[in-house]
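Protein chains in written order, with our numbering: chain A, 2 to 240; chain B, 2 to 240; chain C, 2 to 240; chain D, 2 to 240.
By construction, these hints were calculated from the structure, which means they are not laboratory data.
Mixed in with the good hints there might be a few duds.
Note that identical chains are pooled: a pair holds if it fits in a single copy or bridges any two copies.
20 Å max Cα-Cα, derived SDA-like pairs, lysine to any residue [what the hints assert, rightly or not]:
| id | residue 1 | residue 2 |
| --- | --- | --- |
| 1 | Lys126 | Asn233 |
| 2 | Lys126 | Gln141 |
| 3 | Lys150 | Gly175 |
| 4 | Lys150 | Cys117 |
| 5 | Lys150 | Thr116 |
| 6 | Lys150 | Asp66 |
| 7 | Lys126 | Pro236 |
| 8 | Lys150 | Thr184 |
| 9 | Lys126 | Gly175 |
| 10 | Lys126 | Leu50 |
| 11 | Lys150 | Ser234 |
| 12 | Lys150 | Arg219 |
| 13 | Lys21 | Val79 |
| 14 | Lys107 | Leu92 |
| 15 | Lys126 | Gln209 |
| 16 | Lys208 | Thr230 |
| 17 | Lys150 | Asp54 |
| 18 | Lys21 | Ala39 |
| 19 | Lys60 | Thr49 |
| 20 | Lys60 | Val84 |
| 21 | Lys107 | Thr85 |
| 22 | Lys126 | Val61 |
| 23 | Lys107 | Arg86 |
| 24 | Lys107 | Phe231 |
From a predicted model like this one, the values you see are computed outputs, not experimental measurements.
Number of protein chains: 4
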Amino acid sequence: MEPVRVTIWNEFIHERTDPKIASVYPHGIHHTIAQGIAEYGFQIRTATLEEQDHGLSEKVLNSTDVLIWWGHLAHDQVSEEVVTRIQRRVLQGMGLIVLHSGHRSKIFQRLMGTTCDLKWREDAKRELLWVVNPAHPITQGIGEYIDLKPEEMYGEFFDIPAPEELIFISWFEGGEVFRSGCTYTRGLGKIFYFRPGHEAYPTYYHKQVLRVIANSVRWVASAHGAAPTFGNSAPFVTF
Amino acid sequence: MEPVRVTIWNEFIHERTDPKIASVYPHGIHHTIAQGIAEYGFQIRTATLEEQDHGLSEKVLNSTDVLIWWGHLAHDQVSEEVVTRIQRRVLQGMGLIVLHSGHRSKIFQRLMGTTCDLKWREDAKRELLWVVNPAHPITQGIGEYIDLKPEEMYGEFFDIPAPEELIFISWFEGGEVFRSGCTYTRGLGKIFYFRPGHEAYPTYYHKQVLRVIANSVRWVASAHGAAPTFGNSAPFVTF
Amino acid sequence: MEPVRVTIWNEFIHERTDPKIASVYPHGIHHTIAQGIAEYGFQIRTATLEEQDHGLSEKVLNSTDVLIWWGHLAHDQVSEEVVTRIQRRVLQGMGLIVLHSGHRSKIFQRLMGTTCDLKWREDAKRELLWVVNPAHPITQGIGEYIDLKPEEMYGEFFDIPAPEELIFISWFEGGEVFRSGCTYTRGLGKIFYFRPGHEAYPTYYHKQVLRVIANSVRWVASAHGAAPTFGNSAPFVTF
Amino acid sequence: MEPVRVTIWNEFIHERTDPKIASVYPHGIHHTIAQGIAEYGFQIRTATLEEQDHGLSEKVLNSTDVLIWWGHLAHDQVSEEVVTRIQRRVLQGMGLIVLHSGHRSKIFQRLMGTTCDLKWREDAKRELLWVVNPAHPITQGIGEYIDLKPEEMYGEFFDIPAPEELIFISWFEGGEVFRSGCTYTRGLGKIFYFRPGHEAYPTYYHKQVLRVIANSVRWVASAHGAAPTFGNSAPFVTF
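If we strip away everything but chain A, and leave its shape as in the complex, we get (with noise of 0.2 Å):
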């Protein structure tokens, strides 16, 4: 079985411009993730805004079997194009993960129709993920739950399409509940947000989290049928 193509998208902002970020994730989260994921055996690529076409040219995006979607201070400066380029991919069968603040991204809320809008505070408290669907390759390594401290709080309601599947609720110590790990089909491609982690903690090398991401690039990996045709259609059965 061919290996699957990972492109991992990150908008790299705060780890070059916030030395606090910088001293957690020093070559970006980007980065961080690739090496947190190496031992599963996918061919890694990464991009990031500053590229041209925002490092996801069509020629990479056809070569790109799951994306992986970190952004949080610039959606706005995503192109409109490269967003309609990723959504025809999508459609087409191409995976998307995206997470945790990617949750505001243009390309969530294009797929999405809503506004992925959400409550939230940065207080470095807990965060436990419970796992609601074990049935569910998504989970699997991973017990009953995932124990993070500190992380950002996310507070319902996160205004998203109810799940096709839901996977994760978390807990906050402050209070709050969050649909923590949400799948969507569109098209031909299945999409998986899941929210972990914020940019100043070292979520990303947490062990348990970096399982779910790999987990999920199989996952919105896996096998679909035909493409389908659209159109002006001749009978098909006579009688």
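Let chain A serve as the given structure and place chains B, C and D on it in line with the hints.
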């Protein structure tokens, strides 16, 4: 419009055998709920375990639009025949609301196909029920959350089929989360599971809890289509 | 109870430019639907493409509980601004009913995140719409199926997100099937897509088709909960 | 990776009592399916009604990853004890594939909570199974539809809970439609219902039908998470 005909079923054991529980619900949980939703204009009856047929004869069920169920100690004492009768009526369109420890009732297990098991702890701490589907009629008038203290903890994994609609998620002080408001359809019947309230706490006097119960009575009693026909059929179309 | 305020939007081009269509809908599809559901007690207005703001000013939308949408030839002529305005109102709780060729409207694509494309054929043959969710209020009074002839064919794959509730499946004489009645939730808004009727056929005079439209008006207009709040939040619970 | 351990269960009555059926499946439907999916690399066993424990002892089930079920005449002869044993194994993570008339088997009814009844007609006409979820691994290699003739008709309403994922919809020459490929999750177990094939027709020699069965074996056998724990729990978080 005819008033919705509601039958509130209660095991009615705790309230007669445990003075502590009797002090909270002196006439039984069924009685408190009946009074609590009286203002909503339903036509309300009650039924209990020790009555003949547990108070749920064919005649009673056939004139019931919505059955509310509270049980805990004596799930095994409910006769298979009555469970089968209730199941048949749900499939024919009777609404069913299962409260709290009713999660382990025979009728809920029968309709779900799973154990409906969960984690629990009687620690009398705080529960926050967050609305995660504010578009749903069951959430009308509730606000963004319900704040209960004291309540018993119920924790995931809750062994149910994924709800068709997830309405509430609970946060518990001890670290757990729970899918606390879940809808299902079986045949023509609509089902709502609602997690609160423990027999030792005055949960069924709480205005918002009662509002959810009243809203869900209306929702599970809402209109449905024609009873389907089954079996050997003549060709519908001939060429 | 206040009557539901319905705005029926129609592109209104075919009926003015094509004598064949004009003979079926002399005053426009919007007018026929308005008359056809008049008996259900809604407060009905209409709006068309060529009016200022396509007849959908802020003022009109803010006093609309349910928007019904029929379009075909001129999806591209609907302004982005009006589409954004409608989307915002849906997320705030306005119901939306999209009919037939409205599947390719900007507003439906915007809310779905997909192309909403499909197969089609104008062969004026028979369509049978089977009820596959008889528990749903939208099916009240419909029986087990709706029998239409002539109708245009729409065939799978229909490029939409999996419906939250699938209500009707169509059978077409030429061999195709179609998910013909689909519900969605976006924000506080409920959405119903209903497949019939082609502009050249008298579908919107059909009693059962009108009944489905009326039922769905009530359903998408049904109560919802409180508008959620978003953004930076104070801790809810402090220990 | 270990091969998936598949047990194909067949009632095995028609093939021994009816020469017409015997001429189609001389060694039984189970044997034909076993041969038909041999090329996919599974480790396959068969079991039949008349064996002790119907061939489904604890030992057999505990070493089964996926159980395939075909039954028709003798649903009532399957012992409650064995049904309970299968249900327990599904909840623990064993995959289950229910074929055709298995819709009325005790195990399927037990897991669904409904009658699983439907319309039917043995008219040996054409069935077209349209893919309505081309993103799903079960549709890999199938194309846009499967074309079967002759097949028995199954028609809606099919009294099942709404499938978690709807994969195929059938068109029948006589005018009916049917939800022919449906997935469910119960506990850790994944379930797939697949409508074809009638015992009198050579459906289980059809390459695409066998491909769907093989794809679904892989899908219901896919990884899952940890077995949940239930019962009285210590506080997870203390303040």
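query: What hints, given by number in increasing order, does this structure fail?
result: Failing hints, ascending: 2, 4, 5, 6, 8, 10, 12, 13, 16, 17, 18, 22.
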